[in-house]
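**Student:** Make a model of the complete structure from these sequences and hints.
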Amino acid sequence: MGRYVLRRLLLTVPVLLGASLLIFAMVYALPGDPIRALGGDRPLSEAVQAQLRAEYNLDDPLLIQYLKYLAGLVQGDFGTDFSGRPVLDTILDRLPVTVRLALVAVGFEILIGILAGVLAGLRRGSFFDNLVLVSTTVVVSIPVFVLGFLAQYVFGVRLGWFPIAGITQGWYSYVLPGLVLAALSLAYVARLTRTSLAENLQSDYVRTARAKGLSETTVVGKHALRNSLIPVVTFIGADLGALLGGAIVTESVFNIPGLGRAVYDAVLRQEGAVVVGIVTLFVFFYIFFNLVVDVLYAALDPRIRYE
Amino acid sequence: MNEPRTETLDEPTRGEGEHRESFSDRVDDRAEELASAAAAGDIEQAGLWRDAWRQLRRNPFFIVGAVLFLVFAVMAVAPQVFTSVDPRDCSLARSGDGPQPGAPFGYDIQGCDYYANVVHGARISLAIGFLAVLGTLVIGVVVGALAGYYGGWIDSLLARVTDIFYGLPLILGAIILLSVLPERGVLEVSLALIAFGWMTAMRLVRSNVIGVKQADYVQAARALGARTGRIITKHILPNAMAPVLVYSTIAVGTIIASEATLTFLGVGLQLPEISWGLQINAAQNRLRDAPHLILFPSFFLSLTVLAFILMGDALRDALDPKLRR
Amino acid sequence: MRTKRIAGTAAVLSGALLLTACGGGGGGGAEAGADGGGTFSVYIGEPENPLIPGNTSETEGGQVVDALWTGLVEYDRETNEAVYTGVAESVESEDQKTWTITLKDGWTFHDGTPVTAQSYADTWNYVANSENAQGNSYFFANVEGYEDLQAEEGGSPAGTEMSGLEVVDDRTLRVTLTDPYAQYPTTLGYTAFFPMPQAFFDNPEGFGEQPIGNGPFKADEAFQEGQGVTLTRYEEFGGDEPAKAAGVEFRVYTEINTAYNDLQAGSLDVVDQIPPDAIASAEDQFGERFKTTPRGDITSLGFPTYDERFADPQVRRAISMAIDRQAITDAIFQGARTPAASFVSPVIDGHREDACDVCELNVEEANRLLDEAGFDKSEPVDLWFNAGAGHEEWMQAVGNQLRENLGVEYQLRGDLQFAEYLPKQDDKGMTGPFRSGWIMDYPVMENMLGPTYSTAALPPAGSNVTFYSNEEFDAKLQEGNGAESIDAAIQAYQEAEDLLVADMPAAPLFFGLVQYAHSENVSDVYVNSFGRVEVEDVVVGSE
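Protein chains in written order, with my numbering: chain B, 1 to 307; chain P, 1 to 325; chain U, 1 to 543.
FYI, nobody ran anything at the bench for these hints, they're computed from the structure.
Do not take every clue at face value.
25 angstroms max Cα-Cα, derived SDA-like pairs, lysine to any residue [claimed, not checked]:
| # | chain 1 | residue 1 | chain 2 | residue 2 |
| --- | --- | --- | --- | --- |
| 1 | U | Lys428 | B | Leu111 |
| 2 | B | Lys222 | B | Leu111 |
| 3 | U | Lys377 | U | Val363 |
| 4 | U | Lys424 | B | Arg42 |
| 5 | U | Lys424 | P | Glu273 |
**Tutor:** Here it is, written out as structure tokens:
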């Protein structure tokens with residue numbers, strides 16, 4: 001197992017390099033002229049535009065631009081956005097915020113999602129099962145923006161239970177946005193858990209366990225649930241990566257300065273260094289959390305072996 | 001998910017009742033392999049589907065789901081059945097007016113009859129939802145099955161490609177993809193949603209395939225010399241599909257909703273095209289003074305998702321012998 | 001895929017910001033302070049650039065820069081005329097070409113150094129020099145010697161000082177323009193002309209995060225990206241009276257709805273923009289604390305005069321007459337715009353309410369003109385605008401009206417981001433009428449006409465995206481620029497505007513309004529026609 005993990009981690013380096021080149025190429029391929037766009041309806045003077053193009057190597061061919069970027073990277077220079085702000089500053093400012101929000105959201109997914117799924121799965125067809133079904137469909141169909149706005153209005157403005165926006169109140173500031181952010185994934189987690197558990201409860205080994213006279217708690221908790229969690233863990237693992245990729249809408253609605261909004265703006269402005277820096281970080285997150293998930297598989301299912 | 005089973009290879013065939021049935025389509029293919037009797041498999045498959053259908057017909061959840069689905073399907077194909085009002089007959093004088101006699105859903109911001117618009121929106125929304133989920137499933141299942149079954153460097157490669165796709169922001173990919181394509185229609189938008197939405201399906205399939213491929217009946221089939229393609233399609237996939245199907249039934253809804261996201265980013269459908277996504281998107285600016293604009297398309301979308309979940313659950317239950325009561 | 005949906009309003013804002021100059025934003029969070037005034041909070045969007053006046057051309061950063069700096073002249077709230085309450089004692093000229101700027105005594109930067117004529121000369125030379133890549137460089141293009149500071153392709157500029165700038169003594173600066181410009185003093189209140197201290201030239205790096213200005217508020221802390229900054233009152237302020245409040249917090253929001261919710265809950269003090277769906281209820285909710293003032297901007301429907309189909313002025317005048325502006329401002333903008341019947345904003349001296357004779361709905365006449373011109377109604381009309389900036393709704397309303405009133409189908413072309421849209425526009429790529437917006441830099445008629453319709457402003461140098469070119473019009477502008485009196489200038493500018501009305505290179509549609517509201521913690525809140533909260537006048541606490 002140790003060697004497997006090590007090999008996966010080593011593989012990360014070439015993957016990230018390839019990913020960064022791909023992302024760089026994609027930003028390069030974006031149609032249009034970012035420097036012309038800087039001035040908006042009133043173009044910057046031509047000499048200023050030429051100066052900016054030279055500063056950001058925009059007149060170079062793709063590979064030269066990329067190599068210059070890598071050369072800077074080796075010296076710890078992640079480049080800057082078009083206003084001259086270092087990309088590293090942006091990442092260091094915003095990453096902790098995004099991580100906190102993602103953790104809170106995943107916490108809700110695990111807590112509420114799995115609990116609702118287990119209860120629904122244990123009693124299929126019950127009132128609670130149907131309640132989960134209906135709330136799932138509703139949540140999926142309400143846009144995050146609306147959900148966020150309603151939550152903010154009801155719990156923030158009307159009831160005053162939570163801060164309306166911003167991150168000035170520590171972890172407490174992240175509760176409401178985290179819940180909203182988790183809402184959509186909650187639906188998936190609950191339904192995956194429910195189905196998976198229901199299926200496992202019918203399986204032979206559970207029958208065997210029951211026949212052996214094990215208590216229901218042991219049967220469900222130790223046997224059925226454990227096996228039911230593989231798809232759920234897979235989903236949450238992928239979702240944690242997605243959450244760390246920032247949530248543009250939730251961040252906007254709750255005014256949380258995370259990475260999602262930063263990368264969105266950077267794509268629209270075609271700020272290559274910003275996009276490559278942040279997105280490569282996202283890719284790293286996915287690789288890392290998928291490794292964690294794969295290791296978890298082995299823990300959940302002894303038949304799975306990595307060598 | 002199919003855990004340390006205690007059964008030995010022989011057990012199922014000697015088992016009883018559901019157990020026999022349960023494993024008949026998995027392991028009994030052994031007989032088929034040995035006899036090279038392709039026809040036998042078909043008969044068994046047919047039997048399975050017939051059983052499933054018999055069960056589905058009695059399932060009230062399935063019936064509700066199917067009826068809902070039919071209603072929306074008709075709405076998509078022939079909206080005139082539901083409304084005779086021209087959705088493009090607009091007058092700013094009644095902009096944002098709420099429901100009233102003659103206009104059950106009120107009017108939208110442009111002053112067009114909202115009921116007619118929501119009804120006419122079904123076509124594009126369902127088409128995109130259906131196409132995109134189908135595409136997502138196909139790519140996810142193929143890539144996930146290959147990665148999960150073969151493992152090793154193939155898995156590493158495919159899994160890392162997936163990671164990279166996960167990391168790419170939808171907006172970046174979609175802008176590039178759609179600026180390359182000459183048209184901007186249902187197909188193109190679905191394509192963009194597929195290209196940046198297949199990864200979760202892939203990972204779900206991969207993880208289940210990894211679990212299932214160690215199962216005894218698969219080992220048995222392999223030991224008996226079954227071809228790899230056959231093992232994957234006949235033995236592994238049917239038992240690894242449940243999570244991804246559950247995922248897909250919900251994904252239909254999220255995909256229909258995210259079509260609007262593309263429009264907002266300037267890479268989706270363009271007004272005056274009519275779809276639920278566009279309506280939901282436009283309604284967001286008017287939550288406070290015209291909440292009916294968000295309510296109705298969201299409600300229709302909810303019902304659609306409900307229909308898919310109900311049918312999907314029932315179908316899965318019917319096809320999975322373990323769950324039969 | 002995680003849904004990445006953003007409220008249109010936020011985007012409307014950021015799109016509109018790119019328009020150019022000036023702007024609003026404001027909001028704050030009030031803490032009653034014992035130190036005489038207290039601190040209040042003002043909503044802003046994220047500034048695009050470091051807070052350097054020469055590089056700040058959008059409204060959000062502009063709001064903060066305006067609090068940190070005071071210009072040579074300021075503008076009268078009522079008439080928008082230049083008033084000498086700023087750093088300049090006088091700005092005079094005999095020939096409208098060579099201007100003598102005399103500074104008042106006693107103005108200092110926040111680091112204690114005096115504001116001198118040299119500060120202005122150094123700053124202006126810096127901003128003009130293309131090597132420094134300052135967005136506002138072109139504001140000095142009318143100063144003699146500007147060309148010497150512009151680098152040729154791949155080279156360096158010939159000089160570092162404009163020959164038209166002469167420091168006579170500490171308090172006197174002489175500016176020589178390339179051409180006479182009677183309204184030059186009025187332009188000097190704009191952000192681009194603010195002075196920077198020696199500290200900037202010693203170390204430009206990082207200056208923009210914690211700038212040193214000469215205005216009513218100073219920055220004791222750095223601007224936090226994505227969050228904002230709190231400024232404190234500058235006690236040695238050189239103006240007539242220091243700021244009323246002890247401090248002002250500019251709080252960055254990405255979403256106006258969020259800011260508005262914060263305002264409703266009392267955790268934000270000033271919002272200079274009301275979400276469209278809240279406008280109807282805001283008046284009830286805020287009463288006296290909800291206000292509306294005009295803003296110096298215009299939204300027009302530009303025509304591709306280079307396109308054969310729209311080359312005939314009669315076609316363009318007909319389309320203008322097919323649009324019911326009032327219906328759109330009422331239904332789509334909820335009254336946050338007013339119908340425009342002139343190319344010049346009502347906040348500017350010389351504006352005429354009915355300058356345009358084809359800006360009222362007249363379906364019959366429109367159809368008559370269109371038929372006379374032989375316009376092919378069977379072919380749909382493309383309507384262009386940039387993506388994600390909230391222009392869909394009003395553009396669709398325009399399209400619906402064209403269909404209804406003229407029987408012409410339409411297709412919206414709102415799928416390009418600015419980066420792709422603007423070059424296409426500069427490259428004569430519009431196949432139909434397009435959104436065209438302009439915010440005034442300074443309240444002068446010329447600023448609403450020259451930059452958008454004169455031959456000198458043809459792309460890529462300028463913003464004349466309709467590619468309208470009329471020698472007579474150019475000559476009238478010249479005449480106005482060189483006029484001996486402001487009245488004579490206005491006369492000439494109005495004649496120029498009449499030519500535009502006859503040729504209709506763009507159909508004026510709407511003028512902007514600032515709608516703003518504030519909490520009970522503050523009073524004396526005023527948003528000027530640049531859309532900026534006049535933060536120095538805001539009083540914290542009940543009177």
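**Student:** Taking the hints in turn, state whether each one holds.
**Tutor:** Results of checking the hints against the structure:
1. Between U:Lys428 and B:Leu111 the CA atoms are separated by roughly 57 angstroms; this puts the pair beyond 25 angstroms, and the hint is violated.
2. Simply put, B:Lys222 and B:Leu111 have alpha-carbon atoms about 18 angstroms apart, close enough for the 25 angstroms limit, and the pair holds.
3. Our distance criterion of 25 angstroms between C-alpha atoms is met by U:Lys377 and U:Val363, whose separation comes to about 14 angstroms.
4. Under the criterion of a C-alpha separation no larger than 25 angstroms, the hint pairing U:Lys424 with B:Arg42 is consistent with the structure, at around 14 angstroms.
5. Of the pairs offered as hints, the one joining U:Lys424 and P:Glu273 holds, with about 24 angstroms between alpha carbons and a cut-off of 25 angstroms not exceeded.
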